[in-house]
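For reference, the chains in residue letters:
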Amino acid sequence: MANKKLLEVLLFICLLIIGCPNKNADNSTQTVRAVSLSRVVKIPAQFLTSDLAAGQNPGVLTVTRKGEDELPQGPEGFEVLPDGGFAITDPLQRRLVFYDSLGNFRAEWPIGFAANSVTALPGGEMELRDAKSGEIVLFDAAGQHLSSRAAVRSRGAGAEARLLDLNRGVIARQRTRGSAPGDLQVDFASDSSQMVSLQNLGVDAGGNTYVALEAARGSDVIDIDKIIRKYAADNTLLCQITDIPLDYYVPPVNEFRIRAGQVYQLLPQEKEVIINVWNTNP
Amino acid sequence: MRRIFLLYCVAVIFMPPASPRQPQMPARTRDEIMAIAERLAQHRWICREVNRRAPCVTAAVYESDWSVNDTVTGIAYDWGGMDDPEAFDRKLAQRQAAGSHSRHGITNCTAGIDCSGFVSYCWGQRPTHDYSTSTIRAIAGRPKYNWYTKMKPGDALNKPGDHIVLFAGYRADGNPIVYEASGSAGRVIRNDWSTWSRFKNYYPLLYKSVVENR
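Read top to bottom, the protein sequences are chains A and B.
With the first letter of the first sequence counted as 1, position 83 gets the number 83 in our numbering; the numbers rise by one all the way through.
With the first letter of the second sequence counted as 1, position 31 gets the number 1031 in our numbering; the numbers rise by one all the way through.
I should point out that these hints are in silico values taken from the structure, not numbers from a laboratory.
It is possible that some hints are incorrect.
[Unchecked claim] With a cut-off of at most 16 Å between alpha-carbon atoms, the simulated EDC-like pairs for lysine to aspartate or glutamate come out as follows: (1) B:K1200 to A:D247; (2) B:K1159 to A:D223; (3) B:K1200 to A:D225.
[Claimed, not checked] Stretch by stretch, here's where chain B covers chain A in the computed footprint (C-beta under 8 Å, at least three residues): (4) 69-79; (5) 126-133; (6) 194-204; (7) 217-230; (8) 241-255.
Positions of the beta carbon are idealized from the N, C-alpha and C atoms, including for glycine.
The following block holds chain B by itself, in its conformation from the complex:
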């Protein structure tokens, strides 16, 4: 008995501690990241009457962003959601509501994707929505380059607690082109009318497993 106890103590002392879960970071080329972003921004769907109701929302009155039979381009903005086009279409077919906002609270009867879910998904994170704008640094670093001239498609602009967008390129006038899951647009969009001042106090992020295009 004493020997067993001693063995147990030795095992406890020399066993490596349980390490925290390491983030999964599949390698993605910049072209792959941008192709996914474009696919989510170009996904077309139709809002049916059943997709305008969210019975699970009790914190506030659920008012749909969409009208009956609207043909929409871009996956709906859904706070806390991270649905890809297939999951989104499947949920709509299951009579879930198209999209929600933070004022509706956490829901399990709405479909779509939010800003951090969108960037995470483009970076290969799936199927669960593990990162918010406050925690996405676990899979992305802070680049040292000149942000106004050297960002590359597939990098992100983040403001923890507020919003994150995926950088797509520079316009001729120097302003950024971004893809984003936008609450005000109610969907994933390519935004080519923003200016830098909209991103005041944001900072760029570089996905840790990004692969430079050949």
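Just chain A, with the same shape it has in the complex:
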């Protein structure tokens, strides 16, 4: 009788152990598909020297050497074009450089200022931000200057995403074709890290929302992991990317772009500018 009782207690403990969730795992993502790095595009870069302008290979981007107490400078902004090619800012040479999807040089625009951000507009126009003045400068599809305007100080930057606490955030979504209206709640649960930021990277044509969140571990320095999640229009979490490198040589201003279900990351390094690509399509 006593043995039977003991067996029942043991069975109960076993059931408890099996039934308990793993506290180290992010509970909200236990069954989510993980997307690995699909493709890497490498574009050569070289150090700025006084005789660089003369005879420089136009496909090579420019960076400065790391100085004591000064971060290196170089490409900070990029855009993915409708055909899968890239536009990358080369601020030290005051130009915008175009590549095909494999990273082969196509063209350059001598824009005449140091841009740190580039956005392709639907009509083929390019909107660039002048790093030195902060002005927004518009070019047509042929590279002709159209207009310049002062950038409005973006006190509301990040307003479409709100961190509620270290486990929850909200993306305020506008109604777009295929997307669910209203807020998208982002949950993050882990014993080893806390969510410290989230960003809305955009909504694709299918109504899927891409969210970048940063998770910090306890450490004596800032120790961050970046995660990108893809949510369906009905708010279902479809997949996530966790293998995102953060070892920038030049910290990018435009770090991520989304196009046709693919996530692109600009990762400027000392000898090359890397574009990492993750394909989130099933």
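Take the given structure of chain A and dock chain B to it, following the hints.
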């Protein structure tokens, strides 16, 4: 003579050793720190042709960040510099160059402020640029609070040997807003587009003489 020698020995033995120079740390409220940062970020100036040349730079070709008659907001980034708006304007009027970078070496013909000079100046350090990112710990401690939720305007984020920025607040999405003397922007800016991952391996600093706002 012997008595004098004895007196000398006694004096040497009992005299306190010369103490190393103590850092001057004037008290500053957080509001004062942020008002100074804003003033340096909003300072407007015009780059004249004479401000695009730095004849003292010989280590590399000096290429100005600015074009003739550019109207610029924010004191120019000048590696090794710590000029306040008045000193900066005076130097420009004296035909000095607006700004420089580490590749130009140490200069005495350029005007502006660098990242550690900027944070030091906001914390009340002047008129000399005494602290780099590697030595600024002499006037700032390591806070124990949760950096991602409890930093206050006027604290700093530092990575020795690399860069330091002044923390201004959190955005709604949790990311930090900072003021910095930025080499890539070429000037002092308020940066509200950074993310935490940009500050990987940085650590927060708290100015030792900061006064909490009432």
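Structure-based check of all given hints:
1. The suggested pairing of K1200 of chain B with D247 of chain A holds, with an alpha-carbon distance near 9 Å, which does not exceed 16 Å.
2. Among the hinted pairs, K1159 of chain B with D223 of chain A is consistent with the structure: their alpha-carbon atoms are about 13 Å apart, no more than 16 Å.
3. As the CA atoms of K1200 of chain B and D225 of chain A are separated by approximately 9 Å, the hinted pair is consistent with the 16 Å bound.
4. Using a Cβ-Cβ cut-off of 8 Å, 5 residues of the stretch 69-79 of chain A lie near chain B, which meets the minimum of three, so the contact claim holds.
5. Remark: the stretch 126-133 of chain A is confirmed as covered by chain B, as 3 of its residues place a Cβ nearer than 8 Å to a Cβ of that chain, reaching the required three.
6. Under the rule that three or more residues need a Cβ within less than 8 Å of chain B, the assignment of the stretch 194-204 of chain A holds, with 6 such residues.
7. Counting residues of the stretch 217-230 of chain A whose beta carbon lies closer than 8 Å to any beta carbon of chain B gives 6, which meets the minimum of three for the stated coverage.
8. Counting residues of the stretch 241-255 of chain A whose CB lies closer than 8 Å to any CB of chain B gives 6, so the stated coverage by that chain holds, three being the minimum.
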